[in-house]
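Chemist: Next come the chains, spelled out residue by residue.
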Amino acid sequence: MRRLLRRLLSDADRRSIESDLAELFEVRRRRDGDRAAARWLARQRLLYPFHLFADRLRGGIADWIAGLRGLGRDVPYSVRSLARAPALAATILLTVGVGLGSTTAMLSVVRAVLISPLPYAEPESLVWIYTDNPPFRFRFSVVDYRALEADHPAFSNVAAYQTQLVTITAGDRSERVVAKAVSGSYFPLLRQRPIVGRLFDPSDDRRDDPLAVVTHGFWQRHFGGDPAVPGATIALDGVVHTIVGVLQPPEGPLESSVAVFTAARWPVPKRKGPFFIMALGRLRADVPRAEALHTLRATNARLFPIWRSSYQDEKATWGMQDLKERVVGETGARLLLGLAAVACVLLIAWVNTVNLLIARALNRSRELAIRGALGASRGRLVQHLLAEAGVLAAGAAVVGLSVAAGAVRLIATYGGAYIPRIDEVALSGVVLGWLAGLALLSCLVIGLVPAIQTSRLRLQSALTSGGRSATDGPAARRLRRALVAVEFALATPLLVAAALVTASLDRLNRVDVGIDTARVLTAGVSLPGARYAENADRRAFWDRALARLAALPGVEAAALADSRPPHEGYNLNNFNLEDRPTPPGENQPICPWIAASPDFFKAVGLPLERGRLFDTRDLAGGPPVVIVDRAWASRFFPGAEVLGRRFQEGGCTTCPWITVVGVVGTVKFSGLESPDQGTVYYPFAGLPNGYLVLRAADPATLVAPVRQAVRQLDQSLPLTDIATGEELVSNSLATSRHLSVLVGMFALTAVALSLVGIYGVMVYFVQQHTRDIGIRLALGGEPSAMRRIVVAQGLRLVVVGVGLGVATAFFTGRLMRTMLFGISPTDPWMMAAVSLALVGVAAVACLAPARRAARLDPVTILREG
Amino acid sequence: MAQQKLQHFELHVLLAMLRLRDETYSVPLVLALEKRTGRPVAQAAVFIALRRLEKKGLVTSRLDEREGGRTRRYFKLTKPGVAAVKEHRMEHARLWRGLGRLLRAHKV
Chain L
1 MRRLLRRLLS DADRRSIESD LAELFEVRRR RDGDRAAARW LARQRLLYPF HLFADRLRGG
61 IADWIAGLRG LGRDVPYSVR SLARAPALAA TILLTVGVGL GSTTAMLSVV RAVLISPLPY
121 AEPESLVWIY TDNPPFRFRF SVVDYRALEA DHPAFSNVAA YQTQLVTITA GDRSERVVAK
181 AVSGSYFPLL RQRPIVGRLF DPSDDRRDDP LAVVTHGFWQ RHFGGDPAVP GATIALDGVV
241 HTIVGVLQPP EGPLESSVAV FTAARWPVPK RKGPFFIMAL GRLRADVPRA EALHTLRATN
301 ARLFPIWRSS YQDEKATWGM QDLKERVVGE TGARLLLGLA AVACVLLIAW VNTVNLLIAR
361 ALNRSRELAI RGALGASRGR LVQHLLAEAG VLAAGAAVVG LSVAAGAVRL IATYGGAYIP
421 RIDEVALSGV VLGWLAGLAL LSCLVIGLVP AIQTSRLRLQ SALTSGGRSA TDGPAARRLR
481 RALVAVEFAL ATPLLVAAAL VTASLDRLNR VDVGIDTARV LTAGVSLPGA RYAENADRRA
541 FWDRALARLA ALPGVEAAAL ADSRPPHEGY NLNNFNLEDR PTPPGENQPI CPWIAASPDF
601 FKAVGLPLER GRLFDTRDLA GGPPVVIVDR AWASRFFPGA EVLGRRFQEG GCTTCPWITV
661 VGVVGTVKFS GLESPDQGTV YYPFAGLPNG YLVLRAADPA TLVAPVRQAV RQLDQSLPLT
721 DIATGEELVS NSLATSRHLS VLVGMFALTA VALSLVGIYG VMVYFVQQHT RDIGIRLALG
781 GEPSAMRRIV VAQGLRLVVV GVGLGVATAF FTGRLMRTML FGISPTDPWM MAAVSLALVG
841 VAAVACLAPA RRAARLDPVT ILREG
Chain V
1 MAQQKLQHFE LHVLLAMLRL RDETYSVPLV LALEKRTGRP VAQAAVFIAL RRLEKKGLVT
61 SRLDEREGGR TRRYFKLTKP GVAAVKEHRM EHARLWRGLG RLLRAHKV
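Protein sequence lines correspond, in order, to chains L and V. If you read the first sequence in our numbering, its first letter stands for residue 1, the second for the next number, and so on. If you read the second sequence in our numbering, its first letter stands for residue 1, the second for the next number, and so on.
If you are wondering where the hints come from, they were derived from the structure by calculation, not from laboratory data. By construction, the Cβ of each residue, glycine as well, lies at the ideal position given by its N, Cα and C atoms. Treat the hints with care, as some may be off.
Chain L residues, not near chain V, derived (Cβ > 12 Å throughout) [claimed, not checked]:
{"no.": "1", "residue": "Arg-7"}
{"no.": "2", "residue": "Ala-83"}
{"no.": "3", "residue": "Ile-195"}
{"no.": "4", "residue": "Asp-201"}
{"no.": "5", "residue": "Pro-305"}
{"no.": "6", "residue": "Leu-410"}
{"no.": "7", "residue": "Gly-415"}
{"no.": "8", "residue": "Asp-512"}
{"no.": "9", "residue": "Glu-556"}
{"no.": "10", "residue": "Asp-599"}
{"no.": "11", "residue": "Arg-612"}
{"no.": "12", "residue": "Arg-630"}
{"no.": "13", "residue": "Ser-824"}
{"no.": "14", "residue": "Ile-861"}
Listed next, the stretches of chain V that the computed footprint assigns to chain L, with coverage defined by at least 3 CB atoms under 8 Å from CB atoms of chain L [unchecked claim]:
{"no.": "15", "region": "14 to 27"}
{"no.": "16", "region": "63 to 72"}
Can you build the whole structure from these sequences, using the hints too?
Modeler: Below is the structure:
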């Protein structure tokens, strides 16, 4: 209590109060007696600090209110004074604005993708149910789903869907769209409503006629929003479907990019596989998750013995995952890296601005001192500086708003391929609120530190010394230098991240896909089931197509495949080798299976290493044969003969043995970053969907002739996903490339800002030490020595900052592990290279002030001094 | 000079000072206020009010320190202080004008 009084009152006042209290105590003692007076005195002493504190508080509030009135004058004054320093104002507005805008844009993406609940009713109870065979999670088969549908005690509802590309034909126009075959329970489970007509319900599962529900976008595009659309028909892959209704927007992530829903008509299965169905469940509120999982596993365990002949993998069971986690997938880490990058840029922009504003306040100390001498309190001066920061922050918020709006539009346009829930990304009111909050924070950060610094100025000395060197106390100097070190400490991990992502991209670029990408053109074709119902129809079409395409001028080979390198080999199949059968309870080996026509290997430039390629025997229903690649051969039969080896597919014990007849070079089908696990090629015979694969010297010129040739064969068939070999590789790297460009851009901004920071501090250093340098030069100091001193001063800060940054990068690097290929997140060479590069460019930034120091004329300085 | 805004208690202190005529310190003021209001008055409240009035320029103060003896801070009304009291009185008089008769009509 006494200490508090000492802080609030002067010594003399304390003594006078004690003396007055003693006198009053004497009066009371005589009047009320000893005890009452003692109690009174104790109470007075106890209450004193509270009285004083209340008074201070009241005074503070009154000052603040009076100050707010002054704000009306401060703001226009700040605007005028900043207009006199346009370079400074523009630097701050741009850097803080870009920082605010990009952070806001990233926040809006993070909010939409990671934070917001899925846009379905009670989304937290929705789960994805899958076949769990660690380390793999794959889809359900029809058998699995029928069993789940019949027995799901832990779920109030279950549903299933299958996503497909279908061709919609109307007159002579055809279009490829995404369609979803859904169970009747799909819409009730997600609690979605129709805007026109009705959606499917479980009774639709028992019907045979083809039904469709269209999305709002499709309804507008194709039917002009006609409310009489229920009852209309559309042809999907040649099958006429009756539209029953239109789905009410907004749609969720499961419906994004879908045009049409069809009522699923999955045939009664003869074996356990194949696994192509996505199963969803809505958990009952009264059932704990662990119990729900237990019931799933119990259902699967009852199912297993029934289908043992076609599926023996006893380790495989059922699992479930929150639907949101499933939808978001692995995007989270990338988004958070992006957010960290933009947050770093904003922090650096703040630090840089603080540094610039401290310098400005120091340079203006004479002006501030005069205002102080004319009666402005320190509070008023601080408020004036805060008003200036407020003007800057408001301007930066405007810049930030436009940057954020542009960035969100860019992300929505280009990020759709790899950011889930992209439709939900928008500059919502909440996000704008965050922008306002960040702008306010900017105002406090960039205003308070310089203001506090200024309030510590020795105003008297600022007046007497002419407002130069005497104002820059050691505290301000230390702070400015520390801020520069902080900038480098923030920029370094960002640059390390950018370098790592770029190096990883470079390594991915150098991965050998295995095919002659420069001479390949591919295009997808889907044969509608209605017109190509029989295998023979489809084979006849493919034969005619290949013959016609091979005859086109410039085409060296024409072939078919069902998947394309480097990452579209989605048909992963397990198998059991005759010579090395998988023991019970263990996982069978798994690899991509690619259907390819005989000329595929010639078309992609894949050399036959041993054995033979496919020929007419294999297509005409001879004994099943496959060609494997070198990676497959060395994975299963290292150093041994692989030709003639046999295996059975898909865990099917009753299926015929398949024989290896040839070995070709290795091709990437599971992504450039995946290790080679081998590929199995089987003959492409009469599949409904395939890619035309053509070999030509200049593949890009073939697009128009190929399109025309296919149209001549069947006018309603569109070509889809046309891409040259090089485009396929480039597309597969799009995510990595965009990430690298994004992080690289932010890293370069951060480095540029840090360089501005070190340059500013060193210019100031030289200005402050002009006299010392002059004396040294006059005493015979070499100009080169002056240069060295200045550069060394600057580099000391940079080295400290970079050191801290490298340590940060080292400890946070593991968060990036999943994003990198062929390089460790803590790669010492990379860290060293980045550090050296940063120190190098910082040295260059210090060189200009250093040169100025070396060129100083000692005579002039000493005469002026 | 613009009229200084006076808080209720500050006015009380100024009135007590006027009554005490000359330079005074907190003890006589506390006692005078207690006598007039019939309520206990905290010395802290009086002292703080005096310092506030001093900031407003309505009173001045001087420290009286005697060697080995008591330390007192003496306060004295300034001309603006007296003017502020007068101004308050006028304002109150204007507010009260004609109300006496009405109040008498209300039998409480």
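Chemist: Does each hint hold? Answer for all of them.
Modeler: Consistency of the hints with the structure:
With a least CB separation of 15 Å from chain V, L/Arg-7 remains clear of the 12 Å interface cut-off, as annotated. Non-interface call for L/Ala-83 relative to chain V: holds, since the shortest CB-CB distance, roughly 35 Å, exceeds 12 Å. Even its closest Cβ contact with chain V, about 65 Å, leaves L/Ile-195 beyond 12 Å, as expected for a residue assigned away from the interface. Taking the minimum C-beta to C-beta distance to chain V, about 75 Å, the non-interface status of L/Asp-201 holds against the 12 Å cut.
Under the 12 Å C-beta cut-off, the non-interface status given to L/Pro-305 relative to chain V holds; the minimum distance is some 89 Å. L/Leu-410, annotated as away from the interface, keeps every beta carbon of chain V farther than 12 Å; the closest lies near 57 Å. With a least CB separation of 60 Å from chain V, L/Gly-415 remains clear of the 12 Å interface cut-off, as annotated. The Cβ of L/Asp-512 sits about 84 Å from the closest Cβ of chain V, beyond the 12 Å cut-off, so the non-interface label holds.
Once the 12 Å rule is applied to beta carbons, L/Glu-556 is consistent with being away from chain V; the minimum gap is 97 Å. The non-interface label for L/Asp-599 is consistent with chain V: the shortest C-beta to C-beta separation is roughly 99 Å, beyond 12 Å. L/Arg-612, annotated as away from the interface, keeps every beta carbon of chain V farther than 12 Å; the closest lies near 105 Å. The beta carbon of L/Arg-630 sits about 92 Å from the closest Cβ of chain V, which is more than 12 Å, so the claim that it is off the interface holds.
The non-interface label for L/Ser-824 is consistent with chain V: the shortest C-beta to C-beta separation is roughly 67 Å, beyond 12 Å. At roughly 48 Å from the closest C-beta of chain V, the C-beta of L/Ile-861 stays outside 12 Å, upholding its exclusion from the interface. For a cut-off of 8 Å, the count of residues in the region 14 to 27 of chain V with a CB near a CB of chain L stands at 3, and the three-residue condition holds. With a cut-off of 8 Å between beta carbons, the region 63 to 72 of chain V has 5 residues touching chain L; three or more are needed, and the interface restraint holds.
Violated hints for the displayed structure: none, as all numbered hints are satisfied.
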